[in-house]
Amino acid sequence: DQQVKQNSPSLSVQEGRISILNCDYTNSMFDYFLWYKKYPAEGPTFLISISSIKDKNEDGRFTVFLNKSAKHLSLHIVPSQPGDSAVYFCAANTGTASKLTFGTGTRLQVTL
Amino acid sequence: EAQVTQNPRYLITVTGKKLTVTCSQNMNHEYMSWYRQDPGLGLRQIYYSMNVEVTDKGDVPEGYKVSRKEKRNFPLILESPSPNQTSLYFCASSLTPGGGTGELFFGEGSRLTVL
Numbered sequence: 001d002q003q004v005k006q007n008s009p010s011l012s013v014q015e016g017r018i019s020i021l022n023c024d025y026t027n028s029m030f031d032y033f034l035w036y037k038k039y040p041a042e043g044p045t046f047l048i049s050i051s052s053i054k055d056k057n058e059d060g061r062f063t064v065f066l067n068k069s070a071k072h073l074s075l076h077i078v079p080s081q082p083g084d085s086a087v088y089f090c091a092a093n094t095g096t097a098s099k100l101t102f103g104t105g106t107r108l109q110v111t112l
Numbered sequence: 001e002a003q004v005t006q007n008p009r010y011l012i013t014v015t016g017k018k019l020t021v022t023c024s025q026n027m028n029h030e031y032m033s034w035y036r037q038d039p040g041l042g043l044r045q046i047y048y049s050m051n052v053e054v055t056d057k058g059d060v061p062e063g064y065k066v067s068r069k070e071k072r073n074f075p076l077i078l079e080s081p082s083p084n085q086t087s088l089y090f091c092a093s094s095l096t097p098g099g100g101t102g103e104l105f106f107g108e109g110s111r112l113t114v115l
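Chains as they are written, first to last, in the working numbering: chain C, 1 to 112; chain U, 1 to 115.
It should be emphasised that the hints constitute simulated quantities derived from the structure, not laboratory data.
It is possible that some hints are incorrect.
[Said to hold, decoys possible] Distance condition first, Cα-Cα at most 30 Å in a straight line; then the derived BS3-like pairs of lysine-lysine:
| # | chain 1 | residue 1 | chain 2 | residue 2 |
| --- | --- | --- | --- | --- |
| 1 | C | K56 | U | K18 |
| 2 | C | K56 | C | K71 |
| 3 | U | K71 | C | K37 |
| 4 | C | K68 | C | K37 |
| 5 | C | K54 | C | K71 |
| 6 | C | K5 | U | K65 |
| 7 | C | K71 | C | K37 |
| 8 | C | K68 | C | K5 |
| 9 | U | K18 | U | K65 |
| 10 | U | K57 | C | K71 |
| 11 | C | K37 | C | K56 |
| 12 | C | K5 | C | K56 |
| 13 | C | K5 | U | K18 |
| 14 | C | K54 | C | K68 |
| 15 | C | K37 | C | K5 |
| 16 | U | K57 | U | K71 |
| 17 | U | K71 | U | K18 |
| 18 | C | K37 | U | K17 |
[To be verified] Counterexamples of contact, computed for chain U against chain C with all Cβ distances above 12 Å:
| # | residue |
| --- | --- |
| 19 | Q3 |
| 20 | L11 |
| 21 | K71 |
| 22 | N73 |
| 23 | E79 |
| 24 | P83 |
| 25 | L104 |
| 26 | R111 |
Beta carbons: idealized from backbone N, C-alpha and C, even for Gly.
For reference, chain C alone in the conformation it holds in the complex (with noise of 0.2 Å):
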C-alpha cells in the first residue's frame, strides 16, 4: 500500500515558468513532511519540509503548501530554471518513526 503517491511521473515545464510538483498521503498519522531532489548518479538531497502545524513554507524559490484536510502537498518552485531538472521525491513521517516513506518521484524537466 503506497502511503505517498506522487501521482505525476514527469512534468515539464519551461525556464521561468513555475513548477508545481503534487504529493498525496494516506496515513492521517504523518505529521512532518519533506522533499528530496535527486540528480542522475547521485543521491538525494533535502530541498524543504513543512511541520503539520503550518500550511507553508518557504525558502528562496522553493514553497510547500500543506494541506492536511485533503492530505496534499505541494511543491512550487519559482521561476524555474534548467538546474532544476532532476527527480523529486516527496516524503512523509511520524515525527517518531523508524523511517521516512517516500513517494515514487517525478521527474521535472526545465526547457529553455
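Given the coordinates of chain C, work out where chain U should sit on it, guided by the hints.
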C-alpha cells in the same frame, strides 16, 4: 566534508554469490538506513539502525542482512543474491531516527545487477 560513502558504486554479479555493500558516514549520526530504488516504486526501506548493535527490518528486508558494530559503518549483506535484487541501493544517515524533523543524508548509490 560531511558525507555518506558507499562501495562499490557499480557491481554486476551472479545469482547466489554473496556480496557486501559497505556504507560509512563521518557525521557521528546514530541513525542509519538502507533504501532501494526501483522504477515506479520510489525509495523503499530495507533495514535501519537506531544505534550500534540495534538494527531492525524496514519494508522490504527479505534476502538482506545488516550489522552495526561501529557507529560509522552499516554494511548491507546479500547472502545469496537473486535477480529480483537488481536495484539501485542507497545508504542514509541522520541525527534523528528516520530523519525525524531533520534530514536524511544519502550516499551516492550502488547500482547492483544480479544475473
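Against the structure, the hints:
| no. | hint | result |
| --- | --- | --- |
| 1 | C/K56 x U/K18 | 47 Å, violated |
| 2 | C/K56 x C/K71 | 14 Å, holds |
| 3 | U/K71 x C/K37 | 27 Å, holds |
| 4 | C/K68 x C/K37 | 23 Å, holds |
| 5 | C/K54 x C/K71 | 13 Å, holds |
| 6 | C/K5 x U/K65 | 28 Å, holds |
| 7 | C/K71 x C/K37 | 21 Å, holds |
| 8 | C/K68 x C/K5 | 15 Å, holds |
| 9 | U/K18 x U/K65 | 11 Å, holds |
| 10 | U/K57 x C/K71 | 27 Å, holds |
| 11 | C/K37 x C/K56 | 19 Å, holds |
| 12 | C/K5 x C/K56 | 20 Å, holds |
| 13 | C/K5 x U/K18 | 34 Å, violated |
| 14 | C/K54 x C/K68 | 9 Å, holds |
| 15 | C/K37 x C/K5 | 16 Å, holds |
| 16 | U/K57 x U/K71 | 18 Å, holds |
| 17 | U/K71 x U/K18 | 24 Å, holds |
| 18 | C/K37 x U/K17 | 34 Å, violated |
| 19 | Q3 | 10 Å, violated |
| 20 | L11 | 15 Å, holds |
| 21 | K71 | 17 Å, holds |
| 22 | N73 | 17 Å, holds |
| 23 | E79 | 23 Å, holds |
| 24 | P83 | 22 Å, holds |
| 25 | L104 | 6 Å, violated |
| 26 | R111 | 9 Å, violated |
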